[in-house]
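Asks: Produce the complete structure using the sequences and hints provided.
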Amino acid sequence: MRKNRNNHALAASAFLAPSMVGFLLIAAIPFALSFAISFTSWSGIKGLELFSPSFWQSNFIGLENYSKILKSKEFWVSLLHVGQYMVLYIPLMLVSSLGIAMLLNKPRKGTAFFRLLFYIPVLTSWVAGAIIWKWVLDPQYGILNDILARIGISGPAWLQDAKWAMFGIVLASVWKDMGFYGLIFLGGLKNINPIYYEAAHLDGAGRFQSFLKITLPMLTPMVFFVLIISLINSFMLFPQVMIMTNAGPAGATQVIVERIYKYGFSYYKMGYASALSWLLFLIVFLFTYLQQKLQKKWVNYDA
Amino acid sequence: MRNKMQSKKALSTLWFYVFATGVGFLIVIPLYWMIITALKTQTAIFTYPIEWFPSEITLENFTDLFARFPFGRVLLNSTIVSVAYSAISMVTCCMAAFAFAKIPFRGREALLKVYLATLMIPFQSTLIPLFMLFNSAGLSNTYSSVIIPSLFRVFGIFLLVQHMRTIPDDYIDAARIDGASYFTILWKVILPLSLPVIAGYAVITFMDAWNDYLWPLVMLTKPEMMTVPVALGMVNGQYERNFGVQMAGSLISIVPVVLIYLAAQSKMKDGLTLGGIKG
Amino acid sequence: MLKKSTVILMVILMVLGLFAGCQAPAATETTEPVATDEAVAAQPAAPEAEEPITIDFMNFSANEGGLLTLGLMKDLFEKDNPNIKINIETFGYDTYATQLQTRVGGGDAPDCFELGLDAFPSYVDQSAVLSLDDLTAASTTDLSVLTEKSVQAFSLDGVKYGMPYSYSTVVLIYNKDLFDQAGVSYPTADWTWADADAAALKIKALGDDYYGLIQPISTYEFFKVVKQYNGGLLNDDNTAFTVNRAENVQALQRLVDNVQVTNICPSTEQRGSLDEWGMFKLGKTGMIVTGIWAFPSFTTDCAFAWDIAVEPGAETKATHYFANGLAVSADSKNAEAAYKWIEFLATSEQVAQLRIQLGWELPCATYQTAMDQYAKLTPPANRQAVFDSLDYVVPVPQIAQFSQMADILGAELEAAANGSKTPQQALDDAQAALEAAITLG
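Residue numbers (my numbering), protein chains in the order written: chain A, 1 to 303; chain B, 1 to 279; chain C, 1 to 441.
FYI, nobody ran anything at the bench for these hints, they're computed from the structure. Small disclaimer: the values here were computed from a predicted structure and weren't measured. Idealized CB from N, CA, C, for every residue including glycine. Please note that the accuracy of each hint is not assured.
As the list claims (entries may be wrong) - Chain B is faced by these chain C residues, among others (derived, beta-carbon under 10 Å): (1) Glu-89; (2) Thr-90; (3) Phe-91; (4) Gly-92; (5) Tyr-93; (6) Asp-94; (7) Thr-95; (8) Thr-98; (9) Gln-101; (10) Arg-103; (11) Gly-105; (12) Gly-106; (13) Asp-108.
Replies: Here it is in structure tokens:
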């Protein structure tokens with residue numbers, strides 16, 4: 001068969017067609033609408049009439065939303081909080097989910113049971129998870145401070161303390177997500193040919209060495225995936241903040257998506273909220289763009 | 001020598017159980033709390049400090065749940081939606097991922113970046129535009145409204161792309177020499193090598209569809225069309241927080257996902273499933 | 001090569017087509033707008049056009065045990081108005097605001113809907129709800145059963161935009177057993193905060209983890225508390241913020257001192273994961289300032305005797321007024337019919353009875369028998385205090401940006417409450433932040 005460029009493009013479009021349809025309906029059109037809204041002062045509680053000139057006459061405000069946001073302290077503070085979350089969450093989550101995947105990779109008695117167990121938090125809704133963790137992090141009766149007290153540490157007020165609230169949210173998030181990313185890593189681990197391990201073992205390599213030289217390099221595509229996805233998700237941090245602290249105490253856990261939700265659905269300033277979303281988009285896009293550039297340096301696709 | 005190896009193995013096994021149990025304990029406690037809350041009376045739930053061994057067990061939360069909604073119907077709705085969603089999503093994601101990973105075409109990387117970029121806008125800002133689109137198309141209160149998004153799951157596409165890229169091109173070249181079409185390559189070469197990842201994805205996507213909240217909330221507003229999370233969200237009133245019923249509903253809700261998980265587990269066979277590789 | 005992929009594509013499209021047709025067994029009733037004459041609307045009893053009009057009605061209060069009664073109301077109304085059919089949609093309170101907004105903003109607003117007092121000014125500001133003056137004027141129903149205060153609550157600039165539905169107020173709830181234990185006489189309607197604080201101190205002295213008085217330090221409480229000191233968060237015509245007035249600082253100072261100095265009020269840290277109600281229910285707190293909607297919950301969960309009194313004042317008394325109302329969408333094609341329905345609901349005696357029975361809020365329609373019924377329910381014994389409180393109500397600031405104001409001010413109040421800022425500092429910062437973020441009409 002001749003390798004014809006047209007054939008490739010044709011084949012590709014056939015395989016991509018269903019997702020393209022979805023892309024248009026779920027993404028392209030709504031995004032375009034949202035982008036248009038970001039240049040207006042639309043409240044969100046009056047019908048959106050994008051095709052009526054009177055709507056544009058009374059609502060168009062150009063870049064005013066964007067400039068207001070960039071000048072507001074609130075925006076940068078929320079961004080900072082998201083950054084705090086990421087810096088704590090991502091390393092912890094990577095280590096714990098990889099650890100779990102490694103732990104559950106070898107077939108042992110009870111592995112299947114434990115695999116299910118670690119996955120349970122992922123299945124629970126944040127409503128249940130938040131209630132549970134609010135209790136775990138209770139300064140006086142919570143289990144965490146109880147354990148800390150037993151080893152002589154006086155635990156902080158966690159969710160009621162502006163300095164520790166975000167860390168509390170990080171802990172709850174790691175608990176909830178580690179089974180999820182663990183499952184993904186597990187899929188990646190299963191893909192590694194055991195021949196490599198056998199060969200390394202014959203060469204006298206220890207467990208840690210084979211981990212460093214075989215497992216990790218071969219897992220890099222998955223690590224990259226988990227990193228990108230968790231990065232994007234971290235920027236989108238929302239349900240935990242709403243349910244556990246409601247952006248408190250005193251605004252200490254205010255984050256961007258929480259602001260978007262509040263402006264859009266509580267303060268009735270949907271135009272402002274849309275502008276916030278697009279600024280967030282820009283930031284996330286830049287971050288992931290950088291990550292992708294660096295990808296070539298450490299991600300290894302060779303089998 | 002033999003004894004040393006045996007004791008080493010025993011030690012690592014011990015380590016495994018200690019560690020797994022320790023972390024497992026952390027997971028079990030909240031689950032246990034959910035179970036006892038579902039079985040407690042309303043008053044007992046708010047007793048403080050927490051009653052770990054409830055003095056009184058009641059099934060009233062479960063009966064209340066079925067009294068409030070046609071919960072059987074709600075479970076059916078969730079099942080239909082989640083199964084269709086996962087099935088369609090798996091097909092479309094495999095197809096799209098294959099195109100991105102193994103078909104050289106112009107603009108491939110750019111398009112993938114565009115797909116990925118769609119994850120970077122929070123759903124809250126597209127909720128009303130999406131509603132306008134689907135509602136004016138008459139799709140409110142239909143299954144399609146919540147199933148159509150399965151056509152475009154960037155998470156799945158990206159996951160499978162990353163995985164498929166690790167499959168050496170030699171396999172594909174080998175198949176081409178035998179005259180295989182792209183579809184045959186996908187079906188006979190790539191998919192068998194991707195089973196563990198696809199199985200993992202199946203669980204994740206089923207769970208996502210099952211637990212999806214905000215979109216079904218605005219699309220499926222009639223009681224007979226509601227899915228489980230939406231129905232459970234109705235349980236709390238302006239003044240009344242009914243955790244017992246919520247937990248009862250959440251527990252029932254977890255069961256199908258757990259079943260799917262166990263089913264998918266068997267696909268995640270230990271060791272590698274190789275098919276037809278030759279040097 | 002293409003053939004197989006096309007086949008798959010076709011299969012998928014077929015599957016989708018399958019589901020697209022799969023609708024709920026009860027087909028969606030579409031609103032069939034029929035041309036209704038203005039003249040005909042003015043005589044509701046006159047026979048209407050043949051096609052029945054369907055009115056979509058969204059609400060949340062029926063979700064807590066009121067579904068059956070609401071259904072009965074619908075039947076009653078439809079009997080009297082055979083050409084109008086009501087399509088009731090009831091949702092949970094938590095999600096209602098989002099669901100309503102999605103419908104309204106998405107261009108598919110229900111004909112009429114329930115609206116809380118907090119969202120009300122915003123919807124009016126955006127012209128999302130209809131002015132009801134003409135409709136009420138033309139109505140033949142006796143609307144005098146609705147209290148003046150409640151009607152005013154849902155009017156802006158003298159124009160009526162909503163029918164009042166239910167209301168509630170905030171009172172002082174106290175633990176009688178603890179008062180007896182500490183040898184303190186019960187609160188009366190004349191109490192000032194000085195009296196309350198003195199009693200609180202005595203109760204706190206009962207033990208280490210005892211507290212005297214829980215007063216939430218949030219905007220929703222604060223806007224009323226400042227009125228007790230003749231202060232105010234806004235100026236008289238709501239055109240400027242006056243958050244850091246001396247009177248307001250004084251009010252906040254006392255609240256903060258109660259937490260930080262005398263600790264008769266537990267801090268958020270001391271409460272931990274318990275909310276204010278949970279704390280009071282433990283039985284070690286003397287008094288709590290909270291809404292009358294707490295009665296059912298306290299009745300079931302409080303293992304001690306309790307009663308209520310009108311909220312204490314400072315220079316003067318001021319009490320809270322929360323309400324839910326019913327409005328007609330500005331986009332409704334059947335405004336007159338929709339109005340008839342909400343007018344019916346708002347003035348209905350049966351609905352009033354139901355409210356009393358459910359026990360959380362009171363109906364804005366004052367029927368003597370219902371009120372007597374309410375007054376007789378115990379606990380608490382002193383239900384009269386609820387009605388006495390109505391003499392001192394101050395309205396929620398009716399500005400469209402109240403939600404945002406509440407959040408901004410709330411964060412500063414929190415900071416003052418946990419001691420990281422002085423009250424003056426907190427209110428100064430709040431004033432600055434509010435002026436920067438919100439432009440008042």
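Asks: Are the hints correct? Go through all of them and say.
Replies: Structure-based check of all given hints:
no., hint, verdict
1, Glu-89, "holds, 6 Å"
2, Thr-90, "holds, 8 Å"
3, Phe-91, "holds, 7 Å"
4, Gly-92, "holds, 4 Å"
5, Tyr-93, "holds, 4 Å"
6, Asp-94, "holds, 5 Å"
7, Thr-95, "holds, 5 Å"
8, Thr-98, "holds, 7 Å"
9, Gln-101, "holds, 8 Å"
10, Arg-103, "holds, 8 Å"
11, Gly-105, "holds, 5 Å"
12, Gly-106, "holds, 4 Å"
13, Asp-108, "holds, 5 Å"
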